[in-house]
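Okay, here's what each chain looks like letter by letter:
Number of protein chains: 2
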Amino acid sequence: MSTGLIVSISGPSGVGKGTVIDRLREVLPGCGHSISVTSRAPRGQEQDGVEYFFRTKEEFEKLIAEGEIIEYDQYVGNYYGTPLTPLLKMSKSGTNVLLDLTVAGSLALKEKFDDTVTIFLLPPSMDELRSRLSGRGTETEELVDKRMAQAKGEIAQAEKFDYVVTNRTVEQAVEEIAAIMKAENRRFRRSRDAVETLLAQ
Amino acid sequence: MSTGLIVSISGPSGVGKGTVIDRLREVLPGCGHSISVTSRAPRGQEQDGVEYFFRTKEEFEKLIAEGEIIEYDQYVGNYYGTPLTPLLKMSKSGTNVLLDLTVAGSLALKEKFDDTVTIFLLPPSMDELRSRLSGRGTETEELVDKRMAQAKGEIAQAEKFDYVVTNRTVEQAVEEIAAIMKAENRRFRRSRDAVETLLAQ
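Keeping their order, the protein sequence lines are chains S and W.
Note that our numbering has the first sequence beginning at 2, numbered continuously upward.
Note that our numbering has the second sequence beginning at 2, numbered continuously upward.
Derived by calculation from the structure, the hints in this document are not laboratory data.
Any given hint could turn out to be false.
Derived, one-sided and incomplete: chain S residues facing chain W with beta-carbon distance under 8 Å [claimed, not checked]:
hint	residue
1	Leu123
2	Ser126
3	Arg137
4	Gln151
5	Ile156
6	Phe162
7	Thr167
8	Arg169
9	Glu177
10	Ala180
11	Ala184
12	Asp194
By construction, the Cβ of each residue, glycine as well, lies at the ideal position given by its N, Cα and C atoms.
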């Protein structure tokens, strides 16, 4: 059996990453996703390993120290992070995993696991990015300026990614990312089994 | 403007490479192809640079010596070969080039031009390959045995290729190769312009 891909998608705020990833999950059923680990307590019916992996604050900090957390954030005093080992397990069992990570998160994951396929989502133009950010209507002009400056800094890091996809329309971006995943599955190192099976016949 | 891809497809005799490449040219219009260079004389209306590049035997041998010929063969005393420079020119002008090369030819091209995308076409099984070879009806059992041994030797070299695609059906193989080409066009190094344009805005 061949291993699954680990694909991480990053891009500046406002580029439409969430919509593209949601649509990808619809057209590529069977794609695994990352379950976050958190130090907050479970609520109601929440189960460990379903909504989140629940860990104590001390356990979470130990995971960080061990390099097990790809990226994390703190929110109202609790940690939320993306753990590495469950991704590697899913991939090993043959499941493609699609991840929504920050630029820094994608690069950290690539460093930990070189076989990760990293994709940077670009806006069609900076004007279009600004209008998407302003269009949310929730952000002041000053905050939009700040996000635009941040976006430039992130786009400058696109060269560290394997692929860049311009999000002109959701369908086109989804089609290109699906093609990247199909192609990456045909890489020799991931199709070694097919060759070895033939040679053994 | 981004450069075009140079894609070479190889595989054992009987794998169905010709059919797959013909179908790819239909679904991917605008793909360039290699014009061979030959030492035979032009016939009738044949023009230099259209049907063939026509060169003298001495000129052809000079091209070989200069490393300009990716692969060549001799037939009734004349040379026929695939020249490198026209491929690089087409790629530079933004045209994707699709090549039908021997296994050795693909590997030689990759050595000369590292950015070549090499694809190895595999049969679904060795039995299927044998039945395709026998099915031609033109070859003796002995020749089929010889081709099968040759095929194994070639398949053992699949690991030197970027991608392996199993030719289960023409449509599936064509779809996978088209996806590989779409993906390779999104590689950062081939999309650098998109990023630089955004950063300059």
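| request: Mind checking the CB of Arg137/S against every CB in chain W and telling me if the closest is under 8 Å? | output: Check failed: Cβ of Arg137/S comes no nearer than 20 Å to chain W, outside 8 Å.
| request: For the hint on Arg169/S, just tell me whether its beta-carbon gets within less than 8 Å of chain W. | output: Where the cut-off is 8 Å and the nearest Cβ of chain W is about 11 Å from Arg169/S, the hint is violated.
| field | Hint check: 8 Å Cβ-Cβ cutoff, Phe162/S to chain W | value | Because about 6 Å separates Phe162/S from the closest Cβ in chain W, which is inside the 8 Å limit, the hint holds.
| Under the criterion of a CB-CB separation shorter than 8 Å, is Thr167/S in contact with chain W as hinted? | Check passed: Cβ of Thr167/S comes within 6 Å of chain W, closer than 8 Å.
| query | Against chain W, with CB atoms and a cut of 8 Å, does the hint on Ala180/S hold up? | reply | Ala180/S check passes; min Cβ-Cβ to chain W is 4 Å, inside 8 Å.
| field | Given hint Asp194/S near chain W, where the shortest CB pair must fall under 8 Å | value | 10 Å, violated
| Holds or violated: is there a CB of chain W closer than 8 Å to the CB of Leu123/S? | 6 Å, holds
| request: So, Ile156/S near chain W? Judge it on the closest CB pair being under 8 Å. | output: 5 Å, holds
| chain W contact restraint on Glu177/S - CB to CB distance below 8 Å | With a closest approach of 6 Å, the Glu177/S hint holds.
| Close enough to count: is the Cβ of Ser126/S nearer than 8 Å to one in chain W? | Holds. Min distance 6 Å.
| field | When the least beta-carbon distance from Ala184/S to chain W is tested against 8 Å, hint result | value | Hint on Ala184/S: holds, closest Cβ of chain W at ~4 Å, below 8 Å.
| field | Interface restraint verdict for Gln151/S against chain W (beta-carbon cut-off 8 Å) | value | It is violated, given that the least Cβ distance between Gln151/S and chain W is near 13 Å, above 8 Å.
In summary, the structure is inconsistent with hints 3, 4, 8, 12 from the numbered list given earlier, while agreeing with the others.
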